[in-house]
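Asks: For the protein sequence lines, the chains are A and B, in the order given. The numbering of the first sequence is the working numbering, which starts it at 6 and goes up by one. The numbering of the second sequence is the working numbering, which starts it at 35 and goes up by one.
Note that these hints are calculated values from the structure, not bench results. Among the hints, erroneous ones may be present.
With the Cβ distance kept under 10 Å, some of the chain B side facing chain A (calculated, not the full set) [as the list claims (entries may be wrong)]: (1) Q101; (2) Y158; (3) S241.
Quick reminder that beta carbons are idealized off the backbone N, C-alpha and C, glycines included.
Each chain, letter by letter, is given below.
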Amino acid sequence: MTVGRQLIFGFLAAAIPSLSLAKTPVFEIEIRDHLFHPEELRIPANTKVKLVVYNRDATAEEFESYEMNREKVIVGGRKANIFIGPLPPGVYPFFGEFNPKTAQGQVIAE
Amino acid sequence: MLLNSVILVLREVLEAAMLISVLLALSLSFRQRISWLWWGLGLGFLGSVLFASLLEVITDSLDGAGQEVANASLQGLVYCLTVAVVACSQQQAHGDSPRRVMSLLMASAVACAMIREGSEILVYITGFAASQEHWGAVYAGSAMGAGIGVSLGVLLFSALRALENDRTQFACIVLVAMMGAGMIMQAAQLLEQVDWLPAGLPIWDSSGLLSERSIAGQLLYAVFGYEATPSSIQVALYGASLLGMLAAYFFARGFRSRAIEA
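My request is simple: use the sequences and hints to build the entire structure.
Replies: Below, the structure written as structure tokens:
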């Protein structure tokens with residue numbers, strides 16, 4: 006019985022990977038003075054990761070990436086969760102839409 | 035700073051401007067009054083102010099997924115409203131359905147479509163209001179961006195009105211259907227962003243052919259929801275949304291012809 010249960014749970018865990026949140030790697034970046042810190046983020050390729058973006062500025066910023074299809078407004082002094090990937094190996098630029106001259110960065114999937 | 039503001043506001047305004055133009059042209063082709071537009075714009079503006087002022091609360095709700103879920107719901111609602119507009123337009127062709135329903139649907143669609151982008155513009159502009167250095171450029175740039183967006187909308191409207199009436203209606207319905215499906219695709223993307231929908235690898239990459247950053251890419255994004263690297267779920271939902279629209283269109287036509295026979 007327990008073996009059967011284990012099999013069922015094992016199957017479910019394999020079938021619904023998005024539910025096994027514990028395995029999703031988490032990366033953090035900060036926005037300070039309209040700059041991303043770090044500006045370059047290395048993540049595993051073909052893996053979904055959770056990105057936590059802290060906006061340390063007083064004004065809002067919009068995290069945006071055409072290449073990763075992501076777009077989210079982050080109010081000043083707050084944080085936002087953004088799931089990215091799975092991404093094939095490559096370089097994926099992102100920017101702060103409200104301050105695109107300075108707020109530039111890239112994700113490197115490898 | 036000036037150019038940034040022009041581009042940012044233009045991008046946000048474009049989508050709503052395209053939708054409004056097509057709905058206006060459709061309205062006029064049925065000799066319907068277009069006073070619904072003022073209701074739609076007014077409600078959209080109020081909604082944007084409310085959304086922008088509650089953005090912190092919305093963002094933190096639902097375990098940090100609130101912003102995406104709220105926006106995706108609004109976009110889903112716009113899709114449902116466009117389906118209803120398409121169905122209603124087929125009834126209206128024979129005057130079966132009261133024009134008020136159609137006006138109400140159109141005003142609601144415009145209002146819902148405005149809230150996300152409108153609130154973004156408000157958050158952007160109010161953020162710079164305190165900065166002595168930049169506010170002039172931000173206001174001027176935003177006004178220019180909005181002006182270009184509205185002009186492109188007027189251009190599309192005039193092009194649609196220049197066609198013969200039957201063709202105007204057909205073109206409007208096709209465009210409304212595609213805009214509605216584009217909304218669903220964007221909603222899917224937002225839900226992937228907060229892991230409410232499983233994200234897969236992109237099934238193709240057409241960014242070399244047509245970049246989303248280019249002007250043509252932006253225009254196609256506003257009208258058809260163009261994505262250079264869509265996931266399989268996005269493409270499947272886009273197709274399903276178009277099918278849903280088609281089903282509503284033929285159902286309404288069938289209903290109408292049965293009503294005429296009876």
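Asks: Indicate, hint by hint, whether the structure satisfies it.
Replies: Cross-check of the supplied hints:
1. Q101: holds (6 Å)
2. Y158: holds (6 Å)
3. S241: This hint holds: S241(B) lies near chain A, its Cβ roughly 7 Å from the closest one there, short of 10 Å.
Going through the hint list in order, the structure satisfies each hint without exception.
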